[in-house]
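Undergrad: One letter stands for each residue in the lines below.
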Amino acid sequence: MKRTLLAFAAILAGAPAALAASAVNQDGDPRTIIVTEGGSQADIVIGPGETVEFCPTGCFVTMPNGDREVLTGTETIEITGGRGRIR
Amino acid sequence: MASLSDLIKALPGFLLVLAVIFCAPAMAQPQTTGNGFIASQKEKIDDIARQTQQLASQLEEKAGDDTGLVQIRVELEKLARDLLASGVAFRPRISEINDRLEQLGPERAEGEPAEPELVQQERQRLLDEKAEINALIGEAEALSLRINRMIEQIAQMRRDLFTSALSRRYDITAALSPQVLNELHTDLGKAYDTVASWLRFTASFKLRALLLTVFFSLAAALVLHLAGRRLFGNLIDPDLNEAEPTYLSRLSLALWSTLLPSAAFGILLGSAYFFLDVFGILRRDIAELLWPLFSVAVVVFFVYRLALAVLAPKRENWRLLPVETSAAGKLCLLVGVTATVTGFDFFMNRLYELFGSQLSLTVATSFLATIVVGVLLILIGSVKPFPGEEGARPRPWPIIFRVLIYGFAAATIIAALFGYIGFSRFLSQQVVVTGAILATMYIGFLAGGAMSGDGAFAGSAVGRLLSRRFSLDATTLDQLGLVAGLATNVAVVLVGAPLILLQWGFHWAELTAWTYGIANKVSIGNISFSLVGILSGLLVFIVGYFVARWFQAWLDSRVMARSRLDTGVRNSVRTAIGYAGVVVAALFGVATAGIDLSNLALVASALSVGIGFGLRNILENFVSGLILLVERPFKAGDWIVAGAVSGTVKKISVRATEIETFQRQTVILPNSELINAAVGNWTHKNSLGRVEIPIGVAYGTDVKKVHAILLDIAQSNRLVLKNPEPFVLFAGFGDSSLDFEIRVYLADILAQLEVQNEIRFAIVEAFEREGIEIPFPQRDIHFRSGPSPSGAGASGSVDGESENEEDQAESG
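Those sequence lines, one after another, are chains Z and A. In terms of the numbering used here, the first sequence has 9 at position 9, counting the first letter as 1, and numbering is strictly consecutive. In terms of the numbering used here, the second sequence has 182 at position 182, counting the first letter as 1, and numbering is strictly consecutive.
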């Protein structure tokens, strides 16, 4: 039983690590972020209130207001007023 | 329990380590203010840019060298990671600046009162710093793009290289001239000199290290060998007396007798290499000779052991393939020689590379080796291994296998003859190595299939051990066998598939990247999910479910049993905890699987009306079940009457209740019927109940005497309660009898049949003794002749109009 509990705890601790970064747009207008991941660069348009997932292994992001950030792939970005804030 | 106390003892240390791990980055955090930090990061990024530039120029040089390209790629990947890390390092400073800017507020527009000078200066300073950081990250971004594009370029170059290596054509005529022999002689001489000088040097100056190496590697191999023997001894050494070993035992013998000696041999050579290296006597040129030699030796050894295990030329009973003994020996030999020739070719190639030999020498060796392999393949295909029918000639391989092997042989030989030596070598190496891996995988699959066969696992050594240790029954063992078979198949694929892909020129990094990609994100249209997430969610659910069950059982047996709770309450609490546990486990599972519950809520709200209508009955029953659990109008074991159903409650589930009638028929009654309609419960608060036994005596009997007799009978029954006392009712004047009714109360209504029986027997006995008659209804029919006095004109001769019932006490 003890072992089962330990395994359970280990899974709970380890599970969230395998997720991508996500960005949620809190503004009323669609916002565009520029994501450079690997050898490619892409514009991602996020609709109002929408959440997108991207960048599982680390990337460079340019926020709508021109700020640049580097993500490792586990963060959540909240976009408010064109500004990205990392949670 | 010992391990638990150890765990508790180790806890403080563990916490300390954790603290160090978590605090270390904070302590190591660079000074995040000021331009010193930016300058140091800029230095780092510039350094990465310099290294990238160097690698880019190396890329040009090593365009033709696959190993070199892989090395460059590994370095580039490291640089890309460093770049990301240096970008991430800016994050605290950026958020500091942003926070500060927010505090300062936006610049005041014209017309508003002017800002203090200090505020303006600070804002400007912060904005400048932010711009600087942004520019730097932009630089890093561009660099990262460049690095990643170089990585992609390397992948393309390697693909091209592979294709051109296979499609390149060599001039064979030059390679087959007598000059080549001279070159061979010279190069072998060089190799001999190198090895001899190294040996001389080592023997005279590093003898002790050499001896230690030999000792340690032999010891390592011996330990593995002995441990393997000790653990799997009965699996490697077959019991020769056993006339008909089961298929599973033959398979496991083949598997273990291939894997264990090969592993021991590999450890021997690997540790020899390792210790030579550790003791510093492995010269670079010798290392480059030894490594291919050792790897070739291990592969050849493995292939030969595999052939021996499958074909078992000396032990007919243990053969996996049903081939003839003579063919088995021949095939073993042929397979061994094929592996050796291929290995020899591979090793000689490395040797020529090392000594910078002429290309013609490489071509000549490979040409001969591939032709020999082709011929050997043809020989293997032409063996007729299967026994024919009753003295007929032996049968050849199945046609598909023959076509395949002749095809490979022909392709190898023809490619070699036309000068496509690279392709030919690739083919012959793949035939040996991939063939060996495929054969091992095949044995693994067969073993998995055999394990899940009917009763096979129970008969195996592991199965017997398990059944002894945990006293498992045959069904459980059979299911375990199924699981073991499945697990074996999965393990075979997980180990074998990457090995084969590695053979085909894929690299480890690519494989892990693919696996990571597949496991983490599978996108179908807009929906993406992660396999690992779903699997771990499933696992969490299963574990959570068992934890809930365990908690439920613990609460029931340890807590509630001792708190003298009413069984109904216990039952309700247990059921409620069971359902709550499943729900919680499911929620945990869904959360772990990374499924967003908010999406689910959206769907649920949209569909709830439809679901509400569609599942009205089920929901009604569900809610009724919850009410039953809370209200507890009856509990398991109660005798209830609901409509036409009467019986004992067996189980109250959330949708329906199981009732067992006294005919032992199980009735599943939806809970809503138990809530909406009247339910009679004989044993609700207590099992007290009244039983009535009617009895009639003949007219003319002394009723006082009857009353007394009946009361006496009722009172003297041992199961009848004294209080409320039994009562004998003079119920009425019946058509043919004076009706009495005995009414008695029982402590346990379930005993009513027994009591009724006893009382009735006693009544009959007592009445007989006292001469009291129990009448039965009689009907006298009077026939009249002549016309009916009523003159109804009825001509019927039989008129049943005079139905005079008379109770006549006719004794028999």
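Hints are supplied without guarantee of correctness; some may be wrong.
Examples of chain A residues lying across from chain Z (beta carbon under 10 Å, computed) [stated by the list, open to error]: (1) Arg81; (2) Val88; (3) Arg91; (4) Ala135; (5) Glu152; (6) Leu320; (7) Leu321; (8) Leu368; (9) Val372; (10) Ala458.
Note that these hints are calculated values from the structure, not bench results. Don't be surprised by glycine CBs; every beta carbon is placed ideally from N, CA and C.
Undergrad: State for each hint whether it applies.
TA: These are the hints, each one checked on the structure:
The interface hint given for Arg81/A is met, as the beta carbon of that residue sits about 8 Å from the closest beta carbon of chain Z, less than 10 Å. Because the closest C-beta pair between Val88/A and chain Z is about 5 Å apart, less than 10 Å, the hint holds. Because the smallest distance between the Cβ of Arg91/A and any Cβ of chain Z comes to about 7 Å, under 10 Å, the interface hint for this residue holds. Evaluation of the Ala135/A hint against chain Z yields a held restraint, the C-beta minimum of about 9 Å falling below 10 Å.
Proximity of Glu152/A to chain Z holds as hinted, the smallest CB-CB distance being about 5 Å (cut-off 10 Å). For Leu320/A, the interface hint is violated, the least distance from its beta-carbon to any beta-carbon of chain Z being 38 Å, above 10 Å. Of the supplied interface hints, the one on Leu321/A is violated, with its beta-carbon coming no nearer than about 42 Å to a beta-carbon of chain Z, more than 10 Å. Taking 10 Å as the C-beta cut-off, the interface hint given for Leu368/A is violated, the closest approach to chain Z being about 44 Å.
Hint status for Val372/A: violated, given a least beta-carbon distance of 45 Å to chain Z, over 10 Å. Interface hint at Ala458/A: violated, since its Cβ lies 26 Å from the closest Cβ of chain Z, which is beyond the 10 Å cut-off.
Checked against the numbered hints listed earlier, the structure breaks hints 6, 7, 8, 9 and 10; every other hint is satisfied.
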